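S.K.: These are the residues of each chain, in order.
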Amino acid sequence: GQQVMQIPQYQHVQEGEDFTTYCNSSTTLSNIQWYKQRPGGHPVFLIQLVKSGEVKKQKRLTFQFGEAKKNSSLHITATQTTDVGTYFCAGRGAAGNKLTFGGGTRVLVKP
Amino acid sequence: DTEVTQTPKHLVMGMTNKKSLKCEQHMGHRAMYWYKQKAKKPPELMFVYSYEKLSINESVPSRFSPECPNSSLLNLHLHALQPEDSALYLCASSQVDMGFAGANVLTFGAGSRLTVL
Numbered sequence: 001g002q003q004v005m006q007i008p009q010y011q012h013v014q015e016g017e018d019f020t021t022y023c024n025s026s027t028t029l030s031n032i033q034w035y036k037q038r039p040g041g042h043p044v045f046l047i048q049l050v051k052s053g054e055v056k057k058q059k060r061l062t063f064q065f066g067e068a069k070k071n072s073s074l075h076i077t078a079t080q081t082t083d084v085g086t087y088f089c090a091g092r093g094a095a096g097n098k099l100t101f102g103g104g105t106r107v108l109v110k111p
Numbered sequence: 001d002t003e004v005t006q007t008p009k010h011l012v013m014g015m016t017n018k019k020s021l022k023c024e025q026h027m028g029h030r031a032m033y034w035y036k037q038k039a040k041k042p043p044e045l046m047f048v049y050s051y052e053k054l055s056i057n058e059s060v061p062s063r064f065s066p067e068c069p070n071s072s073l074l075n076l077h078l079h080a081l082q083p084e085d086s087a088l089y090l091c092a093s094s095q096v097d098m099g100f101a102g103a104n105v106l107t108f109g110a111g112s113r114l115t116v117l
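Line by line, the protein sequences are chains R and E.
Taken in order, the first sequence gives residues 1 to 111; the numbers are from my numbering.
Taken in order, the second sequence gives residues 1 to 117; the numbers are from my numbering.
No wet-lab data here; the hints were simulated from the structure.
A hint or two may mislead.
With the Cβ distance kept under 7 Å, some of the chain R side facing chain E (calculated, not the full set) [stated by the list, open to error]: (1) HIS42; (2) PRO43; (3) PHE45; (4) GLN48; (5) PHE88; (6) PHE101; (7) GLY103; (8) GLY104.
Note that the structure is a prediction, hence the values are computed from the model and not measured.
Even for Gly, the Cβ is constructed at its ideal location relative to N, Cα and C.
Please take these sequences and the hints and turn them into a complete structure.
M.R.: Below, the structure is given as structure tokens:
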């Protein structure tokens, strides 16, 4: 079955620094979604990417979808304490009717 | 209204109890989901309802019984659970699949944290 892997599992970032988390699928995806879950909270939708090579920005967050539609990345610039949480990617298979979540990247920010 | 409301927020039950988790949305979404999430793990799909009909059951044990009384409500009936079933149970809703147009963006509720003693 479809597998979605995320790296790194944990990311310790100094406040003000940049970091990137990566998502890789074993199969081609029709779209990929990113969610953020704050500690003690629930996943909240951030963005969806559909087109090959697509890049979308939300303030300090930049999301990319790979040309082959099998990988994606989330880059955060100038990390703030409000960025703390777990970032999940979730891929939808080309023929699929459900999302497969990656394992998540847990982000901790050092002030 | 852009919320998914789940009750109760916390539930403690014994292995012989029967309880239910409830979920409600008024966004006009016709797909509703139950996910189970263990600590430091991603959400794990349990059930999907589409137009009030069960469309996906991810081989969930029968001690979990979903019900979708109407397009706004989703229940999860619990009976004879095990301690390993303790987890955060998340309800979500979405528009119904529109092919490659990119539906199935999930709106999650805050979850029901279940402890089985």
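S.K.: None of the hints should be skipped; say for each whether it holds.
M.R.: Evaluated hints:
Nearest Cβ of chain E to the Cβ of HIS42 of chain R: about 5 Å, under the 7 Å cut. The hint holds. About 5 Å separates the beta-carbon of PRO43 of chain R from the nearest beta-carbon of chain E, less than 7 Å, and the hint is met. The closest approach between the C-beta of PHE45 of chain R and any C-beta of chain E is roughly 6 Å, which is under the 7 Å cut-off, so the hint is satisfied. At a threshold of 7 Å, the smallest CB-CB gap from GLN48 of chain R to chain E is about 6 Å, leaving the interface hint in force.
Residue-level restraint check for PHE88 of chain R holds (minimum Cβ-Cβ distance to chain E is 6 Å; threshold 7 Å). At a threshold of 7 Å, the smallest CB-CB gap from PHE101 of chain R to chain E is about 4 Å, leaving the interface hint in force. Interface restraint check: GLY103 of chain R against chain E, minimum CB-CB distance 6 Å, threshold 7 Å, status holds. For GLY104 of chain R, the interface hint holds, the least distance from its beta-carbon to any beta-carbon of chain E being 5 Å, beneath 7 Å.
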